[in-house]
Each structure stands twice: as structure tokens, then as C-alpha cells.
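Could you put together the complete structure from these sequences and hints?
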Amino acid sequence: MTTLLGPALLAVAAQTPDPTPSEMTIYTVSPGIAGFVMFFALAVAGWLLFRSLVKHVRRIDHDKLRQERTAEEAGAQDAAAAPGDRPGDR
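In terms of full-length UniProt numbering, the sequence shown has 12 at position 12, counting the first letter as 1, and numbering is strictly consecutive.
Where hints are given, some of them may not hold.
Quick list of in silico lysine to any residue cross-link-like pairs, SDA-like style, CA-CA up to 25 Å [what the hints assert, rightly or not]: (1) Lys55 with Val44; (2) Lys64 with Leu49; (3) Lys55 with Leu65.
Just so you know, the hints here were simulated from the structure itself, not pulled from any lab data.
Please read all numbers here as calculations on a predicted model, not as lab measurements.
In C-alpha cells:
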């Protein structure tokens with residue numbers, strides 16, 4: 001099938017002249033449907049990357065807060081313990 005289409009496509013391409021720069025206007029040169037599809041795909045990819053970024057940043061902030069709280073609680077427990085209750089005081 002492609003062997004039959006190859007010569008036909010070459011014949012059509014050879015008959016279509018390229019426009020000269022003086023003939024090109026905003027109406028003869030446009031991105032078309034391919035440009036729209038590519039722009040839409042890039043927009044979706046950017047949106048997905050941004051959602052992933054927000055999720056990871058929130059996770060990092062929660063981990064940092066959890067570590068700070070754990071350190072504060074450990075420090076408060078050490079300060080509240082009586083001097084004779086510590087293992088190193090015996």
C-alpha cells in the first residue's frame with residue numbers, strides 16, 4: 001500500500017510551489033491543529049509537574065515540622081526528668 005502512495009505523494013509535493021516571502025501573510029502561515037495539540041500537551045504536562053511539586057513541597061514541610069516537634073518533646077522530657085532518674089547519674 002505504501003509503495004503505491006509514495007510516487008503519488010511525491011508528484012503532489014512536486015506540483016505544489018512554495019510561496020515566496022512576499023506572498024506569506026499571517027493568514028498563509030499558522031500553527032494549525034498540530035500547534036494547538038502541542039501547546040495543549042505542554043500545558044497538561046506543566047500542570048501535572050506543578051501538582052507534583054506542590055505535593056512534594058508539602059511533604060517536606062510536614063517532615064521538617066515533625067522532626068522539630070520530636071526534638072522539642074525529647075528536650076522537654078529530659079528537662080522534666082528528675083536528676084536521679086537519668087541513666088548517667090548513677
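Structure-based check of all given hints:
no., hint, verdict
1, Lys55 with Val44, "holds (17 Å)"
2, Lys64 with Leu49, "holds (23 Å)"
3, Lys55 with Leu65, "holds (16 Å)"
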